[in-house]
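Going down the list, the protein sequences come from chains D and L.
Residues 1 to 75 in the UniProt record's numbering are what the first sequence lists, from first letter to last.
Residues 1 to 374 in the UniProt record's numbering are what the second sequence lists, from first letter to last.
Hints in this document: simulated from the structure, not taken from any laboratory.
Misleading hints may appear alongside valid ones.
As the list claims (entries may be wrong) - Stretch-level coverage of chain L by chain D, calculated; a stretch enters the list once three of its residues show a Cβ under 8 angstroms from a Cβ in chain D:
| no. | segment |
| --- | --- |
| 1 | 22-32 |
| 2 | 38-48 |
| 3 | 68-74 |
Claimed, not checked - The following label-pair restraints were derived from C-beta to C-beta distances:
| no. | chain 1 | residue 1 | chain 2 | residue 2 | range |
| --- | --- | --- | --- | --- | --- |
| 4 | L | D154 | D | K69 | 38 to 44 angstroms |
| 5 | D | S53 | L | Y226 | 47 to 53 angstroms |
| 6 | D | K10 | L | G111 | 51 to 57 angstroms |
| 7 | D | M1 | L | E55 | 32 to 38 angstroms |
| 8 | L | D273 | D | S53 | 47 to 53 angstroms |
| 9 | D | V67 | L | E317 | 46 to 52 angstroms |
| 10 | D | S53 | L | R361 | 22 to 28 angstroms |
| 11 | L | N320 | D | V67 | 52 to 58 angstroms |
| 12 | D | T6 | L | N160 | 57 to 63 angstroms |
| 13 | L | E333 | D | K62 | 35 to 41 angstroms |
| 14 | L | E27 | D | G32 | 22 to 28 angstroms |
| 15 | L | D273 | D | G11 | 54 to 60 angstroms |
| 16 | L | E374 | D | T6 | 39 to 45 angstroms |
Glycine residues also receive a C-beta, built at the ideal position from the N, C-alpha and C atoms.
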Amino acid sequence: MNVKQTLDTKGLSCPMPIVKTKKAMDGLASGGILEVLATDKGAVNDLSAWSKSSGHELLDHKEEDGVFKFYIQKG
Amino acid sequence: MVKALTAKEVAKRVVEGKMFILDVRNESDFKDWKIEGKDIESINRPYFDLIDGVEDVLEHLPKEEVLVVCAKEGSSVMVAEMLDEAGIKDVYYLEGGMKAWSEYLLPVKIGDLKDGGSIYQFNRIGKGCLSYLVESNGEAAIIDSARTIEAYEDFAKENNIEIKHMIDTHLHADHISGGRRLAEKTNATYWLPPKDAEEVTFSYEALEEDKDITIGNTKIEIQPLYTPGHTIGSTSMIVDGQYLLSGDILFVDSIGRPDLAGKAEDWVSDLHDSLYNKYNNLSKDLIVLPAHFGKISELDEKGAVQAPLGELFEKNEGLNIESDDEFRRAVTENLPPQPNAYQEIRQTNMGKIDPTTDEQREMEIGPNRCAITE
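Just need the whole structure built from these sequences, with the hints factored in.
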């Protein structure tokens with residue numbers, strides 16, 4: 001996966017992970033992939049719902065040692 | 001300036017006031033479970049659709065008095081501040097979010113007992129769970145305690161009552177019982193029906209028909225009545241000859257489902273016998289006090305949920321099913337989804353797993369869904 005940029009939101013709670021993700025996505029070109037790291041459990045549901053509603057694609061997400069990693073492709 | 005509204009204040013609005021709610025959680029969370037009330041109006045718009053501005057949602061909101069609600073609190077504060085800036089007067093956010101709402105217990109006095117003492121219902125409005133405190137002469141029994149035992153501890157302290165008995169009418173699948181923990185803290189006796197306790201990892205007193213429980217010197221009797229069906233151990237209790245604590249067997253608007261321990265087919269006839277024979281033989285003057293409500297419309301003007309047994313035999317559809325076949329179909333087919341994490345909740349209540357408080361909260365999210373209809 002060709003990740004263009006990584007955004008670290010570890011330790012931040014809702015709504016900050018999404019607010020920051022949105023800002024970072026705005027700076028990417030269409031097709032670019034953003035990696036988001038988060039520790040807020042709510043981010044799992046929210047990022048997938050947000051991606052859908054804003055026309056992006058959540059390619060993958062996984063959890064490693066309490067850190068969630070998301071890969072979102074800009075639509 | 002936006003203001004915080006506590007779950008307690010929201011409960012007051014749900015029972016006797018009005019409120020307009022902007023719920024900023026995901027659409028799926030909102031559909032699954034939300035704050036409801038007779039004069040509560042709510043709309044859903046996820047917070048992430050409002051990050052760039054609230055203009056789109058303004059036309060759907062009143063000019064003053066809006067409560068913004070989210071899962072924990074953070075995003076509701078953000079959106080509330082945006083609404084405030086956009087000129088809405090009196091914008092509130094729900095302190096602690098839906099988590100706090102799910103945990104709030106509203107104590108309502110149900111009535112006095114014949115020989116002194118009284119009975120209270122603790123209504124966990126956000127989740128539809130009902131628990132009871134029976135007190136007499138400085139002693140109390142708590143039945144079907146919620147996980148958040150502080151509400152009962154505070155009540156006991158304020159009223160100078162010693163908690164002597166913690167009773168669960170069955171092994172719960174929808175919420176984590178606070179019974180065992182509060183019994184340990186207060187040296188009270190913890191009671192559980194033995195047939196639901198076969199796999200538990202702790203000691204308990206068997207809640208059985210021949211063992212009456214007495215509270216205070218005035219001998220307020222709590223008389224167990226074995227009524228299997230929701231679980232194999234489900235036990236009802238008659239308090240003071242006036243109140244029928246029906247656990248999850250009978251609700252005001254519906255009846256219990258027999259499938260939460262995975263044994264629907266086996267327990268259907270037990271459930272039928274408990275409701276149509278055992279309950280039918282009881283005095284119809286008994287006031288039924290269930291362990292759950294399903295719809296907010298079941299709450300009376302004080303926020304209490306109760307109905308005379310005779311009235312339920314007239315009006316409750318679950319008590320008026322003509323044939324056995326039809327009954328079997330009603331309680332095994334087309335049931336609502338099961339409560340969130342119900343298997344893990346059962347294991348927690350058996351003492352087999354010991355999740356953290358955060359995990360327990362997470363497990364209890366959502367409505368109770370112990371009835372055959374929603």
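Hint-by-hint comparison with the structure:
1. Residues of the segment 22-32 of chain L lying with their CB closer than 8 angstroms to a CB of chain D number 4, which satisfies the three-residue condition for coverage.
2. Interface restraint, the segment 38-48 of chain L with chain D: holds (3 residues with C-beta to C-beta distance below 8 angstroms; minimum three).
3. With a threshold of 8 angstroms between beta carbons, the proposed coverage of the segment 68-74 of chain L by chain D holds, since 4 of its residues qualify and at least three are required.
4. One distance hint, 38 to 44 angstroms for the beta-carbon pair L:D154 and D:K69, holds here, with the actual separation near 43 angstroms.
5. The hinted range of 47 to 53 angstroms is satisfied by D:S53 and L:Y226, whose Cβ atoms lie roughly 52 angstroms apart.
6. Between D:K10 and L:G111 the beta carbons are some 53 angstroms apart, a value that agrees with the proposed interval 51 to 57 angstroms.
7. A hinted range of 32 to 38 angstroms for the beta carbons of D:M1 and L:E55 is consistent with their spacing of about 36 angstroms.
8. Separated by about 51 angstroms at the C-beta atoms, L:D273 and D:S53 satisfy the suggested range of 47 to 53 angstroms.
9. Checked against the hint of 46 to 52 angstroms, the C-beta distance between D:V67 and L:E317 comes to roughly 50 angstroms, which is consistent with it.
10. Here the CB-CB span from D:S53 to L:R361 is close to 27 angstroms, well matched to the stated 22 to 28 angstroms.
11. For L:N320 and D:V67, the hinted distance range of 52 to 58 angstroms is satisfied, since their beta carbons lie about 55 angstroms from each other.
12. For the pair D:T6 and L:N160, the beta carbons lie near 59 angstroms from each other, so the given range of 57 to 63 angstroms is met.
13. Separation of L:E333 from D:K62 is about 38 angstroms and conforms to the stated range, judged on CB atoms against 35 to 41 angstroms.
14. Judged by the Cβ atoms, the range 22 to 28 angstroms given for L:E27 and D:G32 holds: they are separated by roughly 27 angstroms.
15. The hint said 54 to 60 angstroms for the Cβ distance between L:D273 and D:G11, and at roughly 56 angstroms that hint holds.
16. Roughly 44 angstroms separates the CB atoms of L:E374 and D:T6, a value that falls within the hinted 39 to 45 angstroms.
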